[in-house]
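S.K.: Protein chains in written order, with this note's numbering: chain A, 1 to 207; chain B, 1 to 207; chain C, 1 to 207.
In case anyone wonders, no lab produced these hints; they're calculated from the structure. Certain hints may be false.
It does not matter which identical chain is used: a pair holds within one copy or between any two.
[Stated by the list, open to error] Calculated pairs, SDA-like style, for lysine to any residue (alpha carbon to alpha carbon, straight line, at most 20 Å):
1) Lys32 with Tyr205
2) Lys198 with Arg33
3) Lys87 with Tyr205
4) Lys86 with Glu31
5) Lys60 with Ser120
6) Lys60 with Gly118
7) Lys171 with Phe185
8) Lys86 with Tyr205
9) Lys171 with Val194
10) Lys32 with Thr157
11) Lys171 with Asp121
12) Lys198 with Pro36
13) Lys171 with Leu115
14) Lys32 with Ile154
15) Lys86 with Phe172
16) Lys60 with Ile113
17) Lys87 with Ile113
18) Lys32 with Ile80
19) Lys32 with Val143
20) Lys60 with Ala116
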Amino acid sequence: MDAHALDTAYQVLFVSGTVAFSISGALTAMEKRFDPFGVLIIAFSTAVGGGTIRDILIGKTAFWLQDTLYLYLILLGTIISLFFRKKLDYLRNTLMFFDTMGLGLFTILGAQIGLANGLSDISSLVLATITGTFGGVLRDVLVNDVPVIFRREIYATISIVGAALFLFLRKFEYFEYSAPLIPVFFIILIRFWVVHYKIALPNIYKK
Amino acid sequence: MDAHALDTAYQVLFVSGTVAFSISGALTAMEKRFDPFGVLIIAFSTAVGGGTIRDILIGKTAFWLQDTLYLYLILLGTIISLFFRKKLDYLRNTLMFFDTMGLGLFTILGAQIGLANGLSDISSLVLATITGTFGGVLRDVLVNDVPVIFRREIYATISIVGAALFLFLRKFEYFEYSAPLIPVFFIILIRFWVVHYKIALPNIYKK
Amino acid sequence: MDAHALDTAYQVLFVSGTVAFSISGALTAMEKRFDPFGVLIIAFSTAVGGGTIRDILIGKTAFWLQDTLYLYLILLGTIISLFFRKKLDYLRNTLMFFDTMGLGLFTILGAQIGLANGLSDISSLVLATITGTFGGVLRDVLVNDVPVIFRREIYATISIVGAALFLFLRKFEYFEYSAPLIPVFFIILIRFWVVHYKIALPNIYKK
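Looking at chain A on its own, in the form it has when it is part of the complex (with noise of 0.2 Å):
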């Protein structure tokens, strides 16, 4: 695959994970009967919010501000979601492959953007992990639960087992061009083998 080719690629998979990530924010308000514009703000929140944690914590302008295409692909997702919201649950299984896509994608993003702006190892895997679980937990806060991630599915301990791996590869010459995606496929699939198999970190509660 060519860089050109390459970057076609993740286009349509940042799009996909935006607008994956828009749908869960607004099924979760939709199951609050919150109002459209409510689903509409939760939608955005879930969608972006990692990310503008990460640029806020950096200390840079947030970046949606600057690329409106989130803001439609948001609203995108928030129409789908009204319109279509009877049948979603039929497509439960392809809206968790989107967001586990958007989980990936957005983690080692994160970790891409912390070591451009100088960050160490450690540092740029918490601004990986912030970035691609803490629009779900903002989500969640907004609609007042307990963040989902806290609890479940080792969601967020698959975002930083991933963002470990990409910081190991890409210290080797070897890997030098599939160090972020390597990871980003080894996400998805834990993920679903997690899912499928109905896996749980050991509960530390019973000994």
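Following the hints, complete the assembly by docking chains B and C onto the known chain A.
M.R.: Frame of chain A, contents of chains B and C only:
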């Protein structure tokens, strides 16, 4: 009205809006039986929360760190709330008037700051709505309620429509001076109309 | 005490305060039966939340992105909490001592950073209180509780009084070196007095 008188008028409106937002926060905190200091923090978060999130998103220092007038206004609003607690019920309509004025003014100010920072219309629109409404969102998150703007009174919808009106009017030279004022009055009028006739957005969960 | 010894003393106190704040966060998360990674995130948010919000408000990069020592301290606090979970109950008084030390130190540090950034006394006072207490607020928001500082133990009131004392003392040359230390001891003493005698602010809801 000359420019100086207009400036003075704005000042008076901002002062009133800030005090009104503080009282709205203080009342919410007192309903939850917070201690006086907790009441002050919620008043503070409600009054400057929206503008602070706006400043952070565009990479600026929080405005109230430079202009301490706001801190005294919040203290004033909190003291008024603590002393006249039992009488504030009779003043609900007056309070709503000031709160709506705050909503209108802070919304338009957010749009103006967005444009002054070189943002596109759509980004300025989002920034305007965040400035106008996220103080209330922060208040509700801190007292552990589902943010009221996601459920009631088309509050946020009014803010976004007012901001859109401002961004539209300012494209015409004819509205050079009145572009910020018309949407403020529009927001106040619509809010009162909505509250008086108990108008709600169509319920999307009934179809 | 010479300047070098003082620096070392501060370092030890900060390290202890950060670990204590992490443990406080981890304990709260374990009461809610979060998974280990969730426990880590809450420990992290409690320990660096206040300082992070301070940095963001004054337009700086979050301090822990540069100084990764904090990340290791948080990991340490979390591991201690996970392993000695059942024994931490016996250590509540010890923990409260460190937590109060953290409160005192982070409060005064916040005031110092405010002044160093050219802020007025009143703005520095607000920044100091945010630095000292908002880690705990963030912890409680994330686990979906009403922030405990709004209700109990005059926690935030102690922070604000300590910060005011610091800002007052530093105006006198006589207190050139001791201005930061006296309020820290003051905060610790008052907190223990308050907790020991179960002192509360007057209940404003009874009159």
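S.K.: Please flag the earlier hints that this structure goes against, numbers listed from lowest up.
M.R.: 9, 15, 17
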